[in-house]
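S.K.: Letter by letter, the chains look like this.
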Amino acid sequence: MEPPHTQPPSYWTASDWREEPVVPVRGWGKHVIAVAETMFTTREGPPPADRLQWLWGQLWDFSKQVGGLGVFALRMSLFFLTWIAPLYVFRLPPLRRLPVERRIEAMERFERGFMGITFYALKAMLCMMYFEHPDAAREVGFDGSSKKPHHWVDSE
Amino acid sequence: MNVEVGRNLSTDQVWETDVLVVGSGAGGAIAAYELANAGRDVLILEEGPFLRPKEHASLRPTQHMRAAWRQGAMTAALGIGNTPVINLTMGRCVGGSSALTGGVCFRTPGSVLKTWTETRGLVELSEKNLEPFFDEIERRLHIQPVPEPMWSNSTHLFGAGLRKLGTKIKAIQRNTVDCSGIGQCNFGCPQGSKMSVDRSVLPEAMKRGARLVSDCLVERLVMEGSRVVGARGRIHREDRTRKGPRFEVRAKTVVVAAGGVHSPSLLQASGVGKRSRQVGRNLTVHPAFRMIARFDEPVHGWSGSLQSAFTDAYEHEGVTLMSVYVPPGAMATGVPGLGPEWMSNVEKMPYFAMFGGLVHDEAGGRVRKIWGREPLVTYRMCKGDQAKIPAAMKRLGETWLAAGAQELFLPILGHQSVTPDQFRALDWGSIPARLYECSSQHPLGTCRMGTHSDHSVVDGKGKVWDMDNLYVMDGSVIPTSLGVNPQETIMAMVTRLARGLAQDLPAGQ
Chain A
1419 MEPPHTQPPS YWTASDWREE PVVPVRGWGK HVIAVAETMF TTREGPPPAD
1469 RLQWLWGQLW DFSKQVGGLG VFALRMSLFF LTWIAPLYVF RLPPLRRLPV
1519 ERRIEAMERF ERGFMGITFY ALKAMLCMMY FEHPDAAREV GFDGSSKKPH
1569 HWVDSE
Chain B
4 MNVEVGRNLS TDQVWETDVL VVGSGAGGAI AAYELANAGR DVLILEEGPF
54 LRPKEHASLR PTQHMRAAWR QGAMTAALGI GNTPVINLTM GRCVGGSSAL
104 TGGVCFRTPG SVLKTWTETR GLVELSEKNL EPFFDEIERR LHIQPVPEPM
154 WSNSTHLFGA GLRKLGTKIK AIQRNTVDCS GIGQCNFGCP QGSKMSVDRS
204 VLPEAMKRGA RLVSDCLVER LVMEGSRVVG ARGRIHREDR TRKGPRFEVR
254 AKTVVVAAGG VHSPSLLQAS GVGKRSRQVG RNLTVHPAFR MIARFDEPVH
304 GWSGSLQSAF TDAYEHEGVT LMSVYVPPGA MATGVPGLGP EWMSNVEKMP
354 YFAMFGGLVH DEAGGRVRKI WGREPLVTYR MCKGDQAKIP AAMKRLGETW
404 LAAGAQELFL PILGHQSVTP DQFRALDWGS IPARLYECSS QHPLGTCRMG
454 THSDHSVVDG KGKVWDMDNL YVMDGSVIPT SLGVNPQETI MAMVTRLARG
504 LAQDLPAGQ
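Chains as they are written, first to last, in my numbering: chain A, 1419 to 1574; chain B, 4 to 512.
Please note that the accuracy of each hint is not assured.
Capping the alpha-carbon separation at 30 Å, the derived lysine-lysine pairs in DSBU-like fashion look like this [to be verified]:
id, chain 1, residue 1, chain 2, residue 2
1, A, K1566, B, K351
2, B, K372, B, K246
3, B, K464, B, K117
4, B, K117, A, K1482
5, B, K386, B, K397
6, B, K372, B, K277
7, B, K397, B, K173
8, A, K1482, B, K57
9, B, K210, B, K277
10, B, K351, B, K173
11, B, K171, A, K1482
12, B, K171, B, K397
13, B, K173, A, K1566
14, B, K210, B, K464
15, B, K57, A, K1566
16, B, K255, B, K464
The calculated label-pair distances, taken between Cβ atoms and stated as ranges, are [as the list claims (entries may be wrong)]:
id, chain 1, residue 1, chain 2, residue 2, range
17, A, R1444, B, K464, 55 to 61 Å
18, B, L81, A, G1463, 51 to 57 Å
19, B, C385, A, T1460, 41 to 47 Å
20, B, T422, A, P1464, 27 to 33 Å
21, A, R1444, B, H458, 27 to 33 Å
22, A, H1568, B, R280, 51 to 57 Å
23, B, V225, A, F1490, 28 to 34 Å
If you want the ones that stay clear, here's a sample from chain A, every Cβ over 10 Å from chain B, calculated [what the hints assert, rightly or not]:
id, residue
24, I1451
25, R1469
26, Q1483
27, G1488
28, F1498
29, L1510
30, P1517
31, I1522
32, W1570
The hints are simulated quantities; they were obtained by calculation from the structure and are not laboratory data. Values in this document were obtained by computation on a predicted structure and should not be read as measured data. Every residue, glycine too, gets a C-beta built ideally from N, C-alpha and C.
Given these sequences and hints, build the entire structure.
M.R.: In structure tokens:
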């Protein structure tokens, strides 16, 4: 029996990601994209631009819905990464002006350094969101099929 | 369940009731049920939204965190000294954290109850006195062991490792009915199988006349001398950037059940407990740690129940090991690094298994009301507890290696993964406690129960010492750390407290 949803069921991935509104990348979004591009670059290259754009939309929605201390923690995490991490590889900030290889080096050193804990909040949230993209989830072998409920409850 | 959805209210509200219950989690729900069952007029106010099973089902983990977790799960206890920063997650929805737990239920360990009765003089909390309440809660919430076929491969592997080391793994007890083990418990059960209080207790309370309004943030209690006469607050709008209408409640009795962090914060905001200065102190959290192990064969640990088994074999070391699994993104966070090398490690995720450990801690934390809604939470880990972390790490690692793991990802910031030989050669003494990745779901003890106002916030009946009609009934009254998941303890204690209150309330209330 299929669920009486107004929205599709999740099974932990965003099967409907193409239907979600596109959030323009402005302000701190550019720094978020630069960090995400660095984090999720594989040996084949950076992740597709539309996936990063979707990721930014998720973070934007998070900041709108949660607000307050939660978003402050993320923004501080991004601030330190953007303006201090480049100094670890003797380059001037912001981080996004560096080529990807340099960014990787800078962020790795930053993560291992005494300020590494400040990166953790942003890394955790970006990872959680990124691997909800169905293509990203598939790349790590997760298809969500095990999360499909065996029965539905539509009671109050 | 006929919840009044606060965000649909567009104008200021005034409500009157006999008993106002602030919070609808494990404590608030039980208190409301018992009081409504005794014929009292009860109003429950919940800060978070109301989500039905079908709504839980339509949300991905991070969407669920945005909707139903406090601050989108970004809340933390700041470590003081050689203490890790602790990610302190709490529910903010109808049902509170009980809607987000793995459903794990433990009775309070006998050794803990002995401390409460013998050392702290709380004779009414003896094992014998609480046993009928535990029995009743277990019946009402269908608490039963997780059957082995529902365990994940990750848990089976850890169990095999324990057996090789001569130790037993035991099934966890959970509050479920007709569970099929899809492992979504932490993000709200889409099948409605988990008997969290929004499925089990609150509907019964409402059948008995209790009213529940969601999206209502109680900002302050209204005082007249030593009496509380009501509460004031604000109703959340769907769009959190816009302020909602205000509300006022006039109540003859108030029960605060907003959890281990927000109950003390509300009391502090209302000027309660200034004399004893105990409100917000004595926070215990059960610091928890997870270790990822990579195997040569696929594990697919995300299939099966998220939490299903544990071992108490290391209780004498202050550590309980417990099965746990997390969504792929959270798993990736536990792998150190970034970029191509990190991604190639993350892509091995189907081969990952995970198990956790929680520390039976001393009271080292504090909650302080500062500006804004969220209080400042700090935690100073004592030396004894710091020593328990490497003990937990060693036990987890040894068990994974006995099970055949080829690589271990330690929850230490900036630490690369280790091979079995590297793990055995690790100098644990050289790793500061503050570098561990730590989380907690069990903030307790910040309005603790005691026999004197000098060292506690509430008396044996849950009444705040310096107030006539203000009660606290949630995890914050628990006198010491438990060493196990607290929801059953909270429910049993609150059942006892609420029945006592129902008897004590004058007729007509």
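S.K.: Hint says 28 to 34 Å; check whether the CB-CB distance for B:V225 and A:F1490 agrees.
M.R.: 30 Å, holds
S.K.: Test the statement that A:Q1483 is away from the interface with chain B: the closest C-beta pair must be farther apart than 10 Å.
M.R.: The assertion about A:Q1483 is violated, with a minimum of 4 Å to chain B.
S.K.: Hint says 27 to 33 Å; check whether the CB-CB distance for B:T422 and A:P1464 agrees.
M.R.: 30 Å, holds
S.K.: For the pair supplied as a hint, B:K171 and B:K397, is the alpha-carbon distance within the 30 Å limit?
M.R.: 17 Å, holds
S.K.: Decide if the proposed pair is consistent with the structure: B:K171 and A:K1482, CA atoms, cutoff 30 Å inclusive.
M.R.: 47 Å, violated
S.K.: Holds or violated: B:K351 with B:K173, Cα cutoff 30 Å?
M.R.: 29 Å, holds
S.K.: Does the hinted range 55 to 61 Å hold for A:R1444 and B:K464 at CB?
M.R.: At roughly 56 Å between Cβ atoms, B:K464 and A:R1444 fall inside 55 to 61 Å, so the hint holds.
S.K.: B:K372 and B:K277 were given as a pair; does the straight-line alpha-carbon distance stay at or below 30 Å?
M.R.: 13 Å, holds
S.K.: Quickly compare the C-alpha distance for B:K397 and B:K173 to 30 Å and report which way the hint goes.
M.R.: 20 Å, holds
S.K.: Are the Cα atoms of B:K117 and A:K1482 separated by 30 Å or less?
M.R.: 48 Å, violated
S.K.: Keeping to a limit of 30 Å between CA atoms, is the pair of A:K1566 and B:K351 held or broken?
M.R.: 23 Å, holds
S.K.: For the pair we were handed, B:K372 and B:K246, check the Cα-Cα distance against 30 Å.
M.R.: 21 Å, holds
Violation of the numbered hints given earlier is confined to hints 4, 9, 11, 18, 21, 26, 27, 31, 32; the remaining hints are satisfied by the structure.
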